[in-house]
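Chemist: With full-length UniProt numbering applied, the sequence shown covers 1 to 150.
Rather than coming from a laboratory, the hints here were simulated on the basis of the structure.
Possibly wrong hints are sitting among the right ones.
Stated by the list, open to error - Listed next, with one range per pair, are the computed distances between beta-carbon atoms:
1) Lys22 x Val148: 14 to 24 Å
2) Ala43 x Arg114: 19 to 29 Å
3) Arg52 x Arg114: 42 to 52 Å
4) Thr40 x Asn11: 42 to 52 Å
5) Asp23 x Asp63: 28 to 38 Å
To be verified - Capping the alpha-carbon separation at 20 Å, the derived lysine to any residue pairs in SDA-like fashion look like this:
6) Lys104 x Asp48
7) Lys89 x Ala140
8) Lys142 x Gly101
9) Lys69 x Lys2
10) Lys2 x Lys66
11) Lys69 x His144
12) Lys45 x Glu73
13) Lys66 x Ala7
14) Lys142 x Glu73
We put the CB at the ideal spot given by N, CA and C, even for glycine.
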Amino acid sequence: MKLILTADVDNLGAPGDTVEVKDGYGRNYLLPRGLAIVATRGAQKQVDGIRRAQEARAVRGLDHAKELKAAIEGLEGVSLSVKTSAAGKLFGSVTATDVAGAIKAAGGPVVDKRNLELPKAHIKNTGKHLIVVNLHPEVAAKFHLNVVAA
Numbered sequence: 001m002k003l004i005l006t007a008d009v010d011n012l013g014a015p016g017d018t019v020e021v022k023d024g025y026g027r028n029y030l031l032p033r034g035l036a037i038v039a040t041r042g043a044q045k046q047v048d049g050i051r052r053a054q055e056a057r058a059v060r061g062l063d064h065a066k067e068l069k070a071a072i073e074g075l076e077g078v079s080l081s082v083k084t085s086a087a088g089k090l091f092g093s094v095t096a097t098d099v100a101g102a103i104k105a106a107g108g109p110v111v112d113k114r115n116l117e118l119p120k121a122h123i124k125n126t127g128k129h130l131i132v133v134n135l136h137p138e139v140a141a142k143f144h145l146n147v148v149a150a
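Working from the sequences, and respecting the hints, build out all of it.
Modeler: Given below as structure tokens:
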């Protein structure tokens, strides 16, 4: 069975790769979980779009990573307003996706949510929190996110 991967699958490939797998593995595991789609011409166009999006988000080397670090650390007042209780506890939590959106809203570059390191996987209270953005194996940007009550 010929499939196109839509997500990273261990020991098989990366998103956008066209792979040949056994029928049962494809039909019973990859397709139901949304990890792959059946290889057709239309699907190949969709994969090309996925690859273009990944290349736009990818850091293109050490110099580019240093430029992004300077842009992120130069941001002033990265804040995120969330709904809270009277005691200051959040309804829910702040995730990496929320932080990536806050960086973009503050005028910073688009960063991949998988490159963000939150203090404890999720932020559950208001205040200032140190966020680390891993841009390259040698470059990491740090900034403070101010979580405020809405």
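Chemist: Now tell me if each hint is right for this structure.
Modeler: Checked hints:
1. Lys22 x Val148: 14 to 24 Å: Since the Cβ atoms of Lys22 and Val148 sit about 53 Å apart, the hinted range of 14 to 24 Å is violated.
2. Ala43 x Arg114: 19 to 29 Å: 24 Å, holds
3. Arg52 x Arg114: 42 to 52 Å: 18 Å, violated
4. Thr40 x Asn11: 42 to 52 Å: Violated, since Thr40 and Asn11 (Cβ atoms, about 25 Å apart) do not stay within the stated range.
5. Asp23 x Asp63: 28 to 38 Å: At roughly 46 Å between Cβ atoms, Asp63 and Asp23 fall outside 28 to 38 Å, so the hint is violated.
6. Lys104 x Asp48: This hinted pair is violated, its Cα atoms lying about 25 Å apart.
7. Lys89 x Ala140: 29 Å, violated
8. Lys142 x Gly101: 16 Å, holds
9. Lys69 x Lys2: 41 Å, violated
10. Lys2 x Lys66: It is violated: about 40 Å lies between the C-alpha atoms, which goes past 20 Å.
11. Lys69 x His144: 14 Å, holds
12. Lys45 x Glu73: 37 Å, violated
13. Lys66 x Ala7: Given pair Lys66, Ala7 is violated - Cα atoms ~28 Å apart, limit 20 Å.
14. Lys142 x Glu73: 6 Å, holds
Comparing the model with each numbered hint stated earlier shows that hints 1, 3, 4, 5, 6, 7, 9, 10, 12 and 13 do not hold.
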